[in-house]
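Given chain G, work out where chain Y should sit, using these hints.
Listed in order, the protein sequences are those of chains G and Y. Just so you know, the first sequence maps onto residues 1 to 162 in my numbering. Just so you know, the second sequence maps onto residues 1 to 290 in my numbering.
None of these hints come from the bench; they were simulated from the model. Computed from a prediction, not measured in an experiment: that's the story for all the values here. Incorrect hints may appear among the rest.
No more than 20 Å apart at the CA atoms, straight line, and that leaves these computed lysine to aspartate or glutamate pairs for EDC-like [what the hints assert, rightly or not]:
no., chain 1, residue 1, chain 2, residue 2
1, G, K3, Y, D150
2, G, K3, Y, D5
3, Y, K53, G, E13
4, Y, K270, Y, D242
Each pair of labels, with its calculated beta carbon distance range [unchecked claim]:
no., chain 1, residue 1, chain 2, residue 2, range
5, Y, G142, G, V154, 26 to 36 Å
6, G, E95, Y, V146, 55 to 65 Å
7, Y, G54, G, G160, 26 to 36 Å
8, G, D121, Y, D150, 18 to 28 Å
9, Y, A147, G, E13, 46 to 56 Å
10, Y, G142, G, G160, 24 to 34 Å
11, G, G140, Y, M1, 10 to 20 Å
12, G, D121, Y, R289, 44 to 54 Å
13, Y, G142, G, A83, 54 to 64 Å
14, Y, R289, G, L18, 39 to 49 Å
15, G, D121, Y, G156, 17 to 27 Å
16, Y, V146, G, Q82, 27 to 37 Å
17, G, R137, Y, M1, 31 to 41 Å
Pulled a few chain Y residues facing chain G out of the computed Cβ check, cut under 8 Å [unchecked claim]:
no., residue
18, Y6
19, Q104
20, L160
21, E164
22, S178
23, A229
Glycine is no exception: its CB is placed at the ideal position from the N, C-alpha and C atoms.
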Amino acid sequence: MSKRIVSANINGETAEFLVEPYETLLESLRHELGMMGTKEGCGNGNCGACNVIMNGSLVNSCCVLGVEANGATITTIEGVAQADHLHPLQQSFLENAALQCGICTPGFIVAAKALLDAEPDADEARMRHYLAGNLCRCTGYDKIIRAVLDARDVMRQATGAR
Amino acid sequence: MQAFDYIAPSTVQEAVALLAKHGAGARVLAGGTDLIIQAREGRRDVALMVDVKGIAEVTVLSLASDGSLRVGAATSCATIYQNAEVAKRFPALVDSAALIGGIQIQSRASLGGNLCNSGPAGDTIPTLIALSATCEIAGPAGTRTVAVEDFCTGPGRNVLQNGEMLVALTFPAPASHSGAAFERFIPRNEMDIAVANAAANVTLSADGGTFQSARIAIGAVAPTPLYVAAAGAALAGQSVSDATIAKACAAAQEAAIPITDMRGSIDQRKHLVGVLVRRTINKAVERARG
Numbered sequence: 001m002s003k004r005i006v007s008a009n010i011n012g013e014t015a016e017f018l019v020e021p022y023e024t025l026l027e028s029l030r031h032e033l034g035m036m037g038t039k040e041g042c043g044n045g046n047c048g049a050c051n052v053i054m055n056g057s058l059v060n061s062c063c064v065l066g067v068e069a070n071g072a073t074i075t076t077i078e079g080v081a082q083a084d085h086l087h088p089l090q091q092s093f094l095e096n097a098a099l100q101c102g103i104c105t106p107g108f109i110v111a112a113k114a115l116l117d118a119e120p121d122a123d124e125a126r127m128r129h130y131l132a133g134n135l136c137r138c139t140g141y142d143k144i145i146r147a148v149l150d151a152r153d154v155m156r157q158a159t160g161a162r
Numbered sequence: 001m002q003a004f005d006y007i008a009p010s011t012v013q014e015a016v017a018l019l020a021k022h023g024a025g026a027r028v029l030a031g032g033t034d035l036i037i038q039a040r041e042g043r044r045d046v047a048l049m050v051d052v053k054g055i056a057e058v059t060v061l062s063l064a065s066d067g068s069l070r071v072g073a074a075t076s077c078a079t080i081y082q083n084a085e086v087a088k089r090f091p092a093l094v095d096s097a098a099l100i101g102g103i104q105i106q107s108r109a110s111l112g113g114n115l116c117n118s119g120p121a122g123d124t125i126p127t128l129i130a131l132s133a134t135c136e137i138a139g140p141a142g143t144r145t146v147a148v149e150d151f152c153t154g155p156g157r158n159v160l161q162n163g164e165m166l167v168a169l170t171f172p173a174p175a176s177h178s179g180a181a182f183e184r185f186i187p188r189n190e191m192d193i194a195v196a197n198a199a200a201n202v203t204l205s206a207d208g209g210t211f212q213s214a215r216i217a218i219g220a221v222a223p224t225p226l227y228v229a230a231a232g233a234a235l236a237g238q239s240v241s242d243a244t245i246a247k248a249c250a251a252a253q254e255a256a257i258p259i260t261d262m263r264g265s266i267d268q269r270k271h272l273v274g275v276l277v278r279r280t281i282n283k284a285v286e287r288a289r290g
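So that you can see chain Y by itself, here it is in the shape it has in the complex:
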């Protein structure tokens, strides 16, 4: 392991000051399931680990009375899916949080860590996009918010500037008659990196027969997870039917710009986008109809 120092600040202000002072060598440590491995394997130079798990607002999980949700950037996946009320209201979050790595990883890994690692195949990111999550970012100049679909800028890269850290993700209350779902494809049942993944969040008319609006996101098929506005637009105002859903799938396939690598080929990934978007929309519709 490369030699790095470690500090556990108790406030966001302290953490931001440390990050600003130490520059690129300082890294925010949440669950460490990516970062500690990267440091150990020399894939990331780390001079200082800033452990944020002692900061209350970074490990919070709080459902507001208006139905909106706030998830601290370092709140573990297990904390999320073990909360019955959150699991009931945000089942798509559970879809994602409960399939990242094994139980051992879920004990530590966080939504914020997955997002800040900014891997193209990050299994929570399409869900965060579909659920219209907002990133709360603290930095030396104060706080700012960024829509989650604008957060990642390339493989392993994101909008965080020197001294900035992700504090929390906030989710608006799910609309009436809405539902969301996430799926990924891997060649085995558990413990693998997505060949492709997708999330859908649909809002239906009160009778459940028409899409009012939809948000579709796909992953592992571009340098960053993608929000596919055109796929949502293909559904909005249309009746819930296989033909309508096929149009959304085609729009998502059109937006996908995958590569061929050890996990899958361009053709396979394009195909998978169609399959996964169809399945997640159908599952989201099922959940919306309750």
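So here's chain G without its partners, still in its complex pose:
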């Protein structure tokens, strides 16, 4: 059994890396590419801490093999901020104190970004439903939802101002 070469577009840049056929995309990101922003929570698809956007779909990277990423376009938490300024979601999580230990935060932000990119007008009920696959064991969910609501408003204003 030999390592495979994977070529993928990660956060807008082409990355080539070697993976064992049995390693998860989460492991590839962290161990092969040194991208430690994506976290491992449960490792079995329940918690969403390892969320990335793969070919436009939100996925748990612990439930995807690294080798499956060949040819894929992937956004990780490292690709959410633009240049030297935070994404509205990141800023809003800070302002709303929507995190404590921080392990779930990258997953929540990536998931919320996937939602707001697809549905800029998502309401609170939709947010709570969409984020049901992301678990937080510190803050409770109200601050997180408030942060996503605020970020939505900021993003809508930014779009409207354009």
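Frame of chain G, contents of chain Y only:
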């Protein structure tokens, strides 16, 4: 993670040859939301992952002009419920596909994977049964079809033989004045395994007042999801009324042989079967009447 090899064939023939050659150690990889976890946790021995998502006919979603539907075994749940036409014609499929796990799971999980995992509580399986889905299976000796209610044979077990794979599920066009629905009970709103689930598919008379035929299926209350023919028979030819529906519910409760485990007791599950079958029939009637 246990060490396994990975290959992504581009045709069903290639996939079948690989499965036949490598025997029980070879597993078909669709969304991986069950299989990768099982491999990682050592609950399944895997020597070779055969990723079928590069095979066009295994990831298809195609509505024919006669109203029948073909869903590739690896077509994701999200692909199904994001297709407006499919969602309109087969709302019960959306009931199931949109509540398996969270959004992250639905991006990858498939009807075929749910069926081949053959869990007693699989949330798409009662719907597949109620909708009279047929399994298209390819193997070394050619292809065969199996009615979906005959597919699962026990917890985690099914009729697939060495070298065989599920290629697609096909659904007949919904009859005129028909409707179907699926529901499950879990103690929270999202992200849980069913304590019990149920699906109903009813065909009414043109005036909507009489059941012409019905198919009822229940899950998480037996070693496999169950097709309860007696519940459908209790409705056929009868007027749409609470009394008629109560007879179907009683037939479904009679067929249920649940166990007590961490998710629920025998009594609770029997009770839930009655509630869920009643609700799904009522919802199916509502949809049938449009």
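Here is what the structure says about each hint:
Of the pairs offered as hints, the one joining K3 (chain G) and D150 (chain Y) is violated, with about 40 Å between alpha carbons and a cut-off of 20 Å exceeded. In summary, the hint linking K3 (chain G) to D5 (chain Y) is supported, as the alpha carbons are separated by about 10 Å, within the 20 Å threshold. For the hint linking K53 (chain Y) to E13 (chain G), the alpha-carbon distance of about 25 Å lies beyond 20 Å, and the restraint is violated. Only pairs whose Cα atoms come within 20 Å are accepted, and K270 (chain Y) paired with D242 (chain Y) is accepted, the gap being roughly 19 Å.
Range check, G142 (chain Y) to V154 (chain G): about 59 Å between beta-carbon atoms, so the 26 to 36 Å window is missed. In this structure the hint that E95 (chain G) and V146 (chain Y) lie 55 to 65 Å apart at CB holds, the actual value being about 56 Å. A hinted range of 26 to 36 Å for the beta carbons of G54 (chain Y) and G160 (chain G) is inconsistent with their spacing of about 42 Å. The hinted range of 18 to 28 Å is not satisfied by D121 (chain G) and D150 (chain Y), whose Cβ atoms lie roughly 46 Å apart.
Separation of A147 (chain Y) from E13 (chain G) is about 50 Å and conforms to the stated range, judged on CB atoms against 46 to 56 Å. The hinted window of 24 to 34 Å between G142 (chain Y) and G160 (chain G) is violated, with their beta carbons roughly 60 Å apart. The hinted range of 10 to 20 Å is not satisfied by G140 (chain G) and M1 (chain Y), whose Cβ atoms lie roughly 33 Å apart. Checked against the hint of 44 to 54 Å, the C-beta distance between D121 (chain G) and R289 (chain Y) comes to roughly 32 Å, which is inconsistent with it.
For G142 (chain Y) and A83 (chain G), the Cβ-Cβ distance of about 58 Å falls inside the hinted range of 54 to 64 Å, so the restraint holds. In this structure the hint that R289 (chain Y) and L18 (chain G) lie 39 to 49 Å apart at CB is violated, the actual value being about 59 Å. At about 43 Å, the beta-carbon gap between D121 (chain G) and G156 (chain Y) misses the expected band of 17 to 27 Å. Roughly 52 Å separates the CB atoms of V146 (chain Y) and Q82 (chain G), a value that falls outside the hinted 27 to 37 Å.
At about 25 Å, the CB distance of R137 (chain G) to M1 (chain Y) disagrees with the hint of 31 to 41 Å. Annotation: Y6 (chain Y) was flagged as interfacial toward chain G, and the flag holds, the nearest CB pair being 4 Å apart, inside 8 Å. At about 5 Å, the closest approach between the beta carbon of Q104 (chain Y) and any beta carbon in chain G falls short of 8 Å, and the interface hint on this residue holds. Proximity of L160 (chain Y) to chain G is violated relative to the hint, the smallest CB-CB distance being about 22 Å (cut-off 8 Å).
For E164 (chain Y), the interface hint is violated, the least distance from its beta-carbon to any beta-carbon of chain G being 23 Å, above 8 Å. A cut of 8 Å between beta carbons decides the hint on S178 (chain Y): the least distance to chain G is about 29 Å, and the hint is violated. At its closest, the beta carbon of A229 (chain Y) sits 35 Å from a beta carbon of chain G; the interface hint therefore is violated under the 8 Å criterion.
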